[in-house]
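Please model the entire structure based on the sequences and the hints provided.
Quick note, the sequences are listed as chains A and B, same order. For the first sequence, the UniProt record's numbering assigns the number 1 to the initial residue and increments by one for each residue that follows. For the second sequence, the UniProt record's numbering assigns the number 1 to the initial residue and increments by one for each residue that follows.
Calculated directly from the structure, the hints in this document are not laboratory data. It cannot be assumed that every hint is accurate.
As the list claims (entries may be wrong) - Just some of the chain B residues that point at chain A, by a computed CB distance under 10 Å: (1) V20; (2) S24; (3) V69; (4) L121; (5) D122; (6) R125; (7) P131; (8) A155; (9) P209; (10) V327; (11) C389.
In this text the structure is predicted, and so the values were computed from the model without any measurement. Cβ coordinates follow ideal geometry from the N, Cα and C atoms, glycine included.
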Amino acid sequence: MTRRVVVTGLGAVCGLGLDWQTMWEGLCEGRSAIRAWQLPGIEDFPVRYAAPVDDEAFALRHGVDDGLDRPMERRMRFGLAAAGQALADAGLDTAAGAGRPVGRVGTAVGSGVPERDPYELLAAFGEDGRPSWQALYARRAELDRAGGLFCTNDALATGIAARHRLRGPALNFSTACAGATHAIGHGFRMIRRGEVDAMLVGGADSVLNLPTMTGLHLLGAPSTSELFGDRLCRAFDRDRSGLVAAEGAAMLVLESEESARRRGAEIYAEVAGFGSSLDAYQVTAPHPEGKGAALAMSRALADGAVEPDEVDSVNAHGTSTPLNDPIETRAIKDVFAGGGRYRKLAVTANKTMLGHLIAAAGAPELIATVLSVRDGIVPPTLNLENPDPACDLDYVPDKARHQEVSVAVSNSFGFGGLNASLVVRGYEH
Amino acid sequence: MTNLDAVRLTAPGLYTAAGVDPASLWEALVAGKDTGRPYEVASGPWPGTDTVFLVDDPDAATLGVHRRVLRTSEKQARMALYGARLSLAGPAGSGPVGGERWGLYLGLPTVDEELLRFTALDGLRAAAGSPDRVAALYAREVPPFSGLSHLNSTAAAHISAAFGLTGAMAAYSPFSDAGLEALIDGVLSVAEGENEAAVVGAVSPKVHPLLFPQYEELGWNGATPGEGAAFLLAARAEDVPVLQDASEHGGTAAARLAGYGRAFGAEGADRTAAIAEAVHTALEMARTDADGIGWVLPDAVWTTAGEQAQRAALDQVFAGAAERPAVIGTEPATGVLGPAHPLAHVLLALHGLAGGRRLAAAEGGAVREEALPVSRALVLACGARGQVCAVVLEGAGR
Chain A
1 MTRRVVVTGL GAVCGLGLDW QTMWEGLCEG RSAIRAWQLP GIEDFPVRYA
51 APVDDEAFAL RHGVDDGLDR PMERRMRFGL AAAGQALADA GLDTAAGAGR
101 PVGRVGTAVG SGVPERDPYE LLAAFGEDGR PSWQALYARR AELDRAGGLF
151 CTNDALATGI AARHRLRGPA LNFSTACAGA THAIGHGFRM IRRGEVDAML
201 VGGADSVLNL PTMTGLHLLG APSTSELFGD RLCRAFDRDR SGLVAAEGAA
251 MLVLESEESA RRRGAEIYAE VAGFGSSLDA YQVTAPHPEG KGAALAMSRA
301 LADGAVEPDE VDSVNAHGTS TPLNDPIETR AIKDVFAGGG RYRKLAVTAN
351 KTMLGHLIAA AGAPELIATV LSVRDGIVPP TLNLENPDPA CDLDYVPDKA
401 RHQEVSVAVS NSFGFGGLNA SLVVRGYEH
Chain B
1 MTNLDAVRLT APGLYTAAGV DPASLWEALV AGKDTGRPYE VASGPWPGTD
51 TVFLVDDPDA ATLGVHRRVL RTSEKQARMA LYGARLSLAG PAGSGPVGGE
101 RWGLYLGLPT VDEELLRFTA LDGLRAAAGS PDRVAALYAR EVPPFSGLSH
151 LNSTAAAHIS AAFGLTGAMA AYSPFSDAGL EALIDGVLSV AEGENEAAVV
201 GAVSPKVHPL LFPQYEELGW NGATPGEGAA FLLAARAEDV PVLQDASEHG
251 GTAAARLAGY GRAFGAEGAD RTAAIAEAVH TALEMARTDA DGIGWVLPDA
301 VWTTAGEQAQ RAALDQVFAG AAERPAVIGT EPATGVLGPA HPLAHVLLAL
351 HGLAGGRRLA AAEGGAVREE ALPVSRALVL ACGARGQVCA VVLEGAGR
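Pasting the structure below:
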C-alpha cells in the first residue's frame, strides 16, 4: 500500500511565539527571537545570546488549565503544549473529547538529551562527609523527579500518546540535531506504507541549562561573540562564529490523504519524500565535501519522485557555524547542479530568527517550509551583511520574498554526520 | 513497495557476559553457566544486585580504531562499536563492506553518566551558593568532549566512520522497544530499496549506579542489569549467498523477518491490549497464527506493570493454541540488556532456527534444548512506559 501523506495540524512553542501562527508571522516579518541571555544567576558564562521561550507568557497561556505548570523538564513542557496545539488544529484533540474519529494514530518525536540537575550529585555526600554511590542511593528521595535522570528520552513521545490516547506506535529518535526530521520522516513513511492513519510528529528540546550548555561550549559549538548583539546568528555570512542555542517545540499532524479528506480536514501541504544518510567521516566535523548532506537531499527527492528542477526553495540547516554553512552550500550546489537549478533556489536559514532548537530544530523549520509552500512566502535569512565567498547562493537576505513555492526541501544535519531531509509539495487533489 | 521476503537477517554480532557469539550464549543457558560478576558499587544498598552481568570495556585495539575515539565515546558507544565489528567481521571477510547503500539502524539507551567526578564534588558543595562559581567548576571539571560522549547518537557516528556506512539511517531510544524499532526499520529500508544492506544493532546501558534510582522510579521489579550489544545485517536475499560464506566466522544461516507489529498502551489493560495487538499484527503479516509459532522470546521486562501486561497478553494470544510454545529468553545468562535485549533474542532465535532447535524451561529453573516444532519465533519488546514491538522470525532457505 502506498498512500499520499498530508499535513493537517500544526503546533509550535518557541522564542518567536507560543503558537505556529505567531511564529510564522515573525518569520515572515524577519523578527528574531535571539536576545541577550544568561543562564539563571550566572553572569560569567561565555555564551551570552540565545532564543529562549518566554516563561511568563507560556505560563499564562499553557499553565494550570493544560496541566503544564507542574514540575517537568522544559522540553517536556514545550512538547506537550505544541502537541496539544497540533492535534487541536487538526481536529483530533481526543484529550479534550472534541476530536473527530480517525483510525490508528501514532507518535514520533526527537527530543534531545535529558536536562540534568547540575546539583544532583550533592546527594552523594553521606554522613561521613564523603561522596559515595551508596549515600546517593540512601538520599535518592532528594533527587529532582522532574530532572533528566528520571525524565528519560521516551517520556515525551509516551507522555503525548498517553495524554491524547494515541494507540499507535510511540517512538523517540536520537539523531542529535536531525532528531525531529528523522521522526517526521519515519512518521511519514509509516503512514505511506499503511501502518497507521495519522502520526503526531515533531520535536522538543531545551539545552539552556548549565550541564548541556557547558558540554556544547566545550565543543566550541555556540558563538561567544559579542560583536553583533542580537544579530549574532549570521548563517552564510563571513562573520558567522557559531550556533545560537534556542529552546522550544514544534509538532505536526501527518495524515493519509484519504483520512484527511474523509474528515474534511484542512490540508496545509503534502509531505512527498524523506531521505537520510551518514557522513562516515568524523564525530567532530561534517564531511568537507558535504557528501552526507547531498545524499540526504538526493534521497529525499528520489523518495518523492521529485526532480531537482521542480524545487523552488531549500530551508537550510544553516547553523551559522564556520563549517556547516559552506559545506551545506556545496551540497546544495551538487544536488541541484543540473541546468544550474541552484541559481534559482531561494535558500533560507530560519535559525537566524529562531536560533538552533538542536534535536527539535527540524520541526519548526518544517512548519515554515509547509507554510512557505501554502502561502508562497520564503522567510528571510537575517544578518547576511557580508556574504562568505564560499556561500554563493540566493539566501533571501533581510526580507521575506513572495514567490510561488511548489516544492521545497528542509534539511537537518546532526553532530557526527547524521543527516535527514524532507520534501514538501503543495497539495493538489 | 515493501517486500519483507526479499530481505535476510544474517551476520550476528553478539557481545554479552556469556561471550561473543550466539552459540556461546546458547551453551551458557543450557549449561546454567554463572556469567555474573561482582559489582561492588551496588553491594549493600541494592539488595540482590551485588552481582550483575558486566562485559569488559573494549579498548582501541579491540575496536580497531584510533585512541582518540575513546575520548568522544562512553562505554556504551564502545560496546556498540564492538558489536558492529563482530557482526561485520564475516561480511568483511567475503567482500567489500560499507558505501552509499549500506545503512545503519540503532537502538540506544540514554547515556546515564555523571558529568562531574567525585573528586570535584567538594568543589561543587563549596560553590553551591554561587551559580557563577558552579559554572566555573563545570567549565573546569567537565570532560572536554562530554558534549559528544554523553550524546547517545555518537555511537552511530563512530560506527559509520569505522565501516564507511553512508546509507539511510535512524536511531531510537531509550528502552527495549528501541532495539526492535531498529530491526523493523532497518529491514524495511532494504525491503523498500532504500539500502542494499542495513547494519542493525542495539546496545545496553552501561551498568552505572545512576541507573538504579532511575529504574526504581519507573517501577523496577528487581531484575538484574547486564551489559552488551547485539548486531546483525539485514541484506537483500540475492546477496546473502555471498554473505553466507561468513558462516564459518561465526555467522548463522539466514532467516527473515516475516511480520512485525508496534503499538502503545500506557498502563493496565491498555498496555496488555497493545501487546496483544502488536503480536496479532505481526502474526497476520507473517500469514500465520498462534499455532504457527514454535518459540516465544518475551522481553526481559524490568517493571512490575510491564511484566504483568506481557504475561497477560501472551496468555490471551496463545489461549486458543493447540500447544503453548516454549517461552524463554536470555536473562539468566545476560541480565537485562535494555535496547539490546530483544536483538539478543533475535540472534538466539536465528541460531535456533538455523539448527531446528529451541530452548525451553526445565525443572528447577534449568534450561534444556529441544527440537523446534515450527520454524518461526516470536520476539517481543516492551518499553518501560508502554511502547510495544513484536516481530515474527522465520527460517528461510537460500
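Hint check against the structure, violated hint numbers in rising order = 1, 2 and 10
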